Amino acid sequence: MTTEGPDPSTYRIPSLARRLVVAALIAVALLVFIVIVPFELLTRLSGFGIITPLAATTVVGAGVVITGFAVARHILKPTRAYGPVSIAGSAFGLAYLYFISRNASAMIQSHDATVTLTYGTVFLLLVVVPMLNLAAAVTTTVEDVQHPGERLPFDYPA
Amino acid sequence: MSRVARAFRVTAIVALVVIFVYVGVAVYSASKLRGSGNSMGSGNHGNNNGNNNGNNNNNNGNGNGGTTTVGPNDSLIYSTSVNLTNPGFLPINSIQVTAVVTMPGGPVLARGGSPAMSIAPGATQAIPISFTLPPLSASGPAALLVTHDAVLPMAFWINVTYASVFGVAVNMTSNFSWGAPFAGLNATVGTPTPEGNGTVALPLTVSFQNHAKFSDVGTITASIRSSSGQVCATPSLSLNVPNGQSFNQSQTLYISPSCNPSGGSVLLSFQGPQLQIALPAEPIP
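Residue numbers (my numbering), protein chains in the order written: chain A, 121 to 278; chain B, 15 to 299.
FYI, nobody ran anything at the bench for these hints, they're computed from the structure. Take these hints with a grain of salt, some might be off.
To be verified - Not close to chain B: a few residues of chain A, all C-beta gaps over 12 Å, as computed:
| id | residue |
| --- | --- |
| 1 | Arg132 |
| 2 | Gly181 |
| 3 | Phe212 |
| 4 | Ala256 |
To be verified - Straight-line alpha carbon distances no greater than 25 Å define the calculated SDA-like cross-link-like pairs of lysine to any residue that follow:
| id | chain 1 | residue 1 | chain 2 | residue 2 |
| --- | --- | --- | --- | --- |
| 5 | B | Lys46 | A | Pro277 |
| 6 | B | Lys46 | B | Val32 |
| 7 | B | Lys46 | B | Val214 |
| 8 | B | Lys46 | A | Thr241 |
| 9 | B | Lys46 | A | Thr178 |
Unchecked claim - Sample of chain A residues at the chain B side, in silico, Cβ under 7 Å:
| id | residue |
| --- | --- |
| 10 | Ala233 |
| 11 | Val235 |
| 12 | Thr238 |
| 13 | Val242 |
| 14 | Leu246 |
| 15 | Val247 |
| 16 | Val248 |
| 17 | Asn253 |
| 18 | Thr259 |
| 19 | Thr260 |
| 20 | Phe274 |
Note that this is a predicted model, so its numbers are computed, not measured. Every residue, glycine too, gets a C-beta built ideally from N, C-alpha and C.
Could you put the whole structure together from the sequences, leaning on the hints where they help?
Structure (structure tokens):
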């Protein structure tokens, strides 16, 4: 059994600066889709008198955390920290989606009627995504422990 | 192992796309849903198990556009239906209506609703809604409904599951207009007049309006009693009063001079082919 990594000529790790730029782009995209859009949506719904148990601050906070994990994953991808960070990010995403599924409702009230829309099942279905990502992260973590650096030619082919 | 990890990630992306597409289609389909008001109309007009020539149902009475039939044990079953069209691509998995009618500020009068039904994509389904009113009687919480119209508070809940992922719960309050079958019932006993043959002539007038959604067909029996409870006479009046019509009929009774109805009462009861109602007693001045 060898502890040596793969031949460095078989992979090409992007520079930290390049990874930071890409991570920033990922952060912008994620902040738009999981922070700004949901925040605006919840705020507008509230303006129309539609009541939802999801607090805008919760959505913003969780979105920022998920974005942070995504940024960290990308920057740390060439390192052994990638797997554990991915596990943490996926676990957080899974817990967040489950939390949303339990609070996914919107209620409209008038003087003689109340209409409640529930859409938690959509988020329960989406839970499969972080679960698969979690499986990928565990696999990567195990691989990094057993065969350090072996995935680098696969992740960053020369 | 890198390939395994990548396979997991690719599967996750595919799952994400599939779920987004499905939810998008479901939202689009839901936007196409159309409902229409109650539509039963005269669907079972006048047909109570084929042997009812009296308690016909009519929709041109007052109220909510449904029909009323006589159920077991003289209960009244109010029925209507709502048509719902599902022109989308995905099914309405379940739709169920629950309704509760209460007396004004008082106890629950009737419960009912619809069975849980599903509507396939592209189909139109009539959702039958019915609730059972207790037997009409001169006593109990529904006693007023025999002779008085009423606007009864009604609450109903609609639960819908659409495309297996969306749930809609609607809770509404409304009013149910009740038309009394013997509205303004009045039994008047006139002044007794001695007759030459040793009897006393006693005029009796019974009047009311039928505001119910069914016809009053049958017999009203009056029991005229003295203040001590002695039965002076028990005349019967045949009647056939369609909904919305008035009834006013007088009859002269000949009673024994020993039975003085002054201060007594008139006990009325209605008996039809399917419906028996004990009517409120009327005092005799």
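Hints versus structure:
no.: 1; hint: Arg132; in the structure: holds (16 Å)
no.: 2; hint: Gly181; in the structure: holds (22 Å)
no.: 3; hint: Phe212; in the structure: holds (15 Å)
no.: 4; hint: Ala256; in the structure: violated (4 Å)
no.: 5; hint: Lys46(B) to Pro277(A); in the structure: violated (49 Å)
no.: 6; hint: Lys46(B) to Val32(B); in the structure: holds (22 Å)
no.: 7; hint: Lys46(B) to Val214(B); in the structure: violated (75 Å)
no.: 8; hint: Lys46(B) to Thr241(A); in the structure: holds (21 Å)
no.: 9; hint: Lys46(B) to Thr178(A); in the structure: violated (33 Å)
no.: 10; hint: Ala233; in the structure: holds (4 Å)
no.: 11; hint: Val235; in the structure: holds (5 Å)
no.: 12; hint: Thr238; in the structure: holds (4 Å)
no.: 13; hint: Val242; in the structure: holds (5 Å)
no.: 14; hint: Leu246; in the structure: holds (6 Å)
no.: 15; hint: Val247; in the structure: violated (10 Å)
no.: 16; hint: Val248; in the structure: holds (5 Å)
no.: 17; hint: Asn253; in the structure: holds (5 Å)
no.: 18; hint: Thr259; in the structure: holds (4 Å)
no.: 19; hint: Thr260; in the structure: holds (5 Å)
no.: 20; hint: Phe274; in the structure: holds (4 Å)
The structure fails to meet hints 4, 5, 7, 9, 15 from the earlier list, while all remaining hints are met.
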